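There are 2 protein chains.
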Amino acid sequence: MANCLVAQSGGPTAVINASLAGVIRANQLNPVYDRVFGGIHGIEGVLEDKLFDLTDLPAREIDILKQTPSSALGTCRYKLKRGNDTDYKRLVEVMDAHSIEVMFYIGGNDSMDTVDALSEWAAANGVAKRFIGIPKTVDNDLVPVDHCPGFPSAAKLACQITHATRLDYDAYTRPEVFVLETMGRDAGWLAASCCATGDVDLLVLPEVDFDKDAFLAQVQAKMDATGECYIVVSEGAHYADGTYISAGESANDGFAHAVLGGVALTLKQMIVDAGIAQRGVVQDLSRAARSSNFAQSLVDVTEAYELGLSAHMHSARPGFTGQVVGIAPRTDLSAPYNPVFFAGPASQFANFVRTFPEEWILPDYQGITDEALAYFRPLIAGEPKIIYENGMPATIMPFNKR
Amino acid sequence: MANCLVAQSGGPTAVINASLAGVIRANQLNPVYDRVFGGIHGIEGVLEDKLFDLTDLPAREIDILKQTPSSALGTCRYKLKRGNDTDYKRLVEVMDAHSIEVMFYIGGNDSMDTVDALSEWAAANGVAKRFIGIPKTVDNDLVPVDHCPGFPSAAKLACQITHATRLDYDAYTRPEVFVLETMGRDAGWLAASCCATGDVDLLVLPEVDFDKDAFLAQVQAKMDATGECYIVVSEGAHYADGTYISAGESANDGFAHAVLGGVALTLKQMIVDAGIAQRGVVQDLSRAARSSNFAQSLVDVTEAYELGLSAHMHSARPGFTGQVVGIAPRTDLSAPYNPVFFAGPASQFANFVRTFPEEWILPDYQGITDEALAYFRPLIAGEPKIIYENGMPATIMPFNKR
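Residue numbers (the numbering used here), protein chains in the order written: chain P, 351 to 752; chain Y, 351 to 752.
Calculated from the structure, these hints are not laboratory results. One or more hints might be untrue.
Stated by the list, open to error - Subject to a maximum C-alpha distance of 25 Å in a straight line, what follows is the list of computed SDA-like cross-link-like pairs (lysine to any residue):
(1) P/K751 <-> Y/D549
(2) Y/K431 <-> P/P525
(3) P/K735 <-> Y/E733
To be verified - Here are some, though not all, of the chain Y residues that point toward chain P, as calculated from beta-carbon distances under 10 Å:
(4) P362
(5) T418
(6) L423
(7) I511
(8) L517
(9) V632
(10) Q633
(11) L635
(12) A645
(13) S684
(14) E733
(15) N740
(16) P748
Claimed, not checked - Heads up, incomplete: computed chain Y residues facing chain P, CB under 8 Å, no partners named:
(17) S421
(18) K506
(19) R637
(20) S642
(21) F644
(22) A731
Please read these numbers as outputs of a predicted model, since none were measured by experiment. Where a beta carbon is used, it is the ideal one built from N, C-alpha and C, also for glycine.
Just chain P, with the same shape it has in the complex:
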């Protein structure tokens, strides 16, 4: 009997462990594999033969795993590059050593590219290993899906903080601006989702080239009209020439992405320097948004878990490889929410960035359309019953720390 391997990659989310829980639980319900191994620190640890046997994880631990944020197996920034035969052969060596036939990889578009590359390579080299992707990303930027697990919970926390800080801001009389910064390098999904609360006056997205004068004119107009201006900005917002608004540091995180930060502070200073407001308050969601286990969306945690189940179920079919499971795009946003699960070729998920749709963006930084609101609202609906211990959501000891 063959074994399987599951690993996590890229930035953690509030529900990435729910997908892991789904794979583990599916195999307890239908033991297609003799052992379910977890790869410690993604592909990085797998190449070093660092595995953890998850097969018999007790039901109580699985329940708590579902509400444990971050990557319980540990994650990595290491990218298994196409054409890197040394890494590929080493991976197969480790898999062989543990009789592993199938690898499940939970990650973003880089990881889905890895799934694609590995399955291609296996086919080309007559290697009988299979590779299956389970998507996650708070950025919500994968192409062929309605949304990505992890995003709805990040959006739900972003909405909760937007509404709470808007009420906080509204309690004062002194005219000042408020600028909330969200994660979102190339796509503004998370920033846009904040508009679902009805609290956002101006929205600055990476999808629209930033025009300083036009933006400041809108800030002035809001301040003139109401004495208030609550702004949400995505970290990756930039000028027409591609220059980021933020004056943040620019380092390399191993994937050739710029490391961003500080756009909210930059906008606030811009407004103060223009004499539109004397002061401003800045709130950066930063990592809190993606690790918000205390504010999981019920839709999100359920879907992340079920995608884990689904990936395991599909894998029982011998030819199933180079595929990724996902939630299909909704065809009618006004219909009651009813997620449809599908599986598709990893190549469709990999290396494309789905930006926030242009037709959903209102002109002049005025937010998003009703259709966009209809897209967001069901995703943040519902709250799971969280298991608390001593006033905190219970979490498991991460496997990479055991």
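Chain P is already provided as a structure; the job is to place chain Y on it using the hints.
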């Protein structure tokens, strides 16, 4: 029959509206006053005769008010200064115009000083008005109490974000530091509370003069030992000469406090510049901590509500003025939590800052003692049953926006 007035002042909290709800509900249970007026934007609006009749607020709205963050009446930074007879006379004029005999003021130590000053002035001038304080502050820096309403919920969110971001941080292999910044200008209560999760490696408080070399040595030691260092710092941390660590802006908020920010970023850069880690992640809780209605502590919201009830009940006694209600200091931190309510002279609450106790601070930035942990743990216990609407905790329309 006389009326009463209730107003809110200073920085909002997650439960300041629960105290307001308590006053309103108490008068529905025992109508000592004919009308309960809310002062819009604290004393600032009261002086302008901006009142809102809260007497008959429906029970459902009272329930939602308890979970509405920020100051539902609006707040102000205006300080009713001692000796400002013009303001005092104007206040009495407004109170007279609405047959108001008693004013409840919900606020921090500046507001408790206002309660003290007004009651003194009323006695000295034979004015038959009474002034009663209900404390709130996320800073937890009032002297004669065990803790202040608002602080436990801020601590609970701070703990939840500490644990979630620590798990996020732990998922990676690359050595970098993590620095979490909390509010806390002169007192490090909120920063210290993060240690209740067991996740904090180093703690930097305003109560200990910052020694850069000693601190960096500790960071180096943690990195050497585990490759990780999770740091929590209070915004007001400073060097021995009083200079703030932060390079943040220094403006005036009307109460002669410096406006701080950026200490986490400063510490991170200090560590990177010293070559101890190549990178670091910064998370600033900022206003999210004090507006965390989605993470209210059950202890906190219950006590805030009951202090509102208690203040109203005490006020039925004709001579009751210049007094503040509160939770008495615990005598035995190992005993089961059992809050004791009391009322004491406002002068004891006003203008003193209760810093985090020196004897609870471990040397070398190593966190806090077991006694301190025993102090914090019951405060963050329990979660109220939150009423959700469309995936968000329901909130009322603020009275200052009606």
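Against the structure, the hints come out as follows:
{"no.": "1", "hint": "P/K751 <-> Y/D549", "in the structure": "holds, 13 Å"}
{"no.": "2", "hint": "Y/K431 <-> P/P525", "in the structure": "holds, 23 Å"}
{"no.": "3", "hint": "P/K735 <-> Y/E733", "in the structure": "holds, 12 Å"}
{"no.": "4", "hint": "P362", "in the structure": "holds, 5 Å"}
{"no.": "5", "hint": "T418", "in the structure": "holds, 7 Å"}
{"no.": "6", "hint": "L423", "in the structure": "holds, 8 Å"}
{"no.": "7", "hint": "I511", "in the structure": "holds, 5 Å"}
{"no.": "8", "hint": "L517", "in the structure": "holds, 4 Å"}
{"no.": "9", "hint": "V632", "in the structure": "holds, 7 Å"}
{"no.": "10", "hint": "Q633", "in the structure": "holds, 5 Å"}
{"no.": "11", "hint": "L635", "in the structure": "holds, 8 Å"}
{"no.": "12", "hint": "A645", "in the structure": "holds, 6 Å"}
{"no.": "13", "hint": "S684", "in the structure": "violated, 16 Å"}
{"no.": "14", "hint": "E733", "in the structure": "holds, 6 Å"}
{"no.": "15", "hint": "N740", "in the structure": "holds, 6 Å"}
{"no.": "16", "hint": "P748", "in the structure": "holds, 6 Å"}
{"no.": "17", "hint": "S421", "in the structure": "holds, 4 Å"}
{"no.": "18", "hint": "K506", "in the structure": "holds, 6 Å"}
{"no.": "19", "hint": "R637", "in the structure": "holds, 5 Å"}
{"no.": "20", "hint": "S642", "in the structure": "holds, 7 Å"}
{"no.": "21", "hint": "F644", "in the structure": "holds, 5 Å"}
{"no.": "22", "hint": "A731", "in the structure": "holds, 4 Å"}
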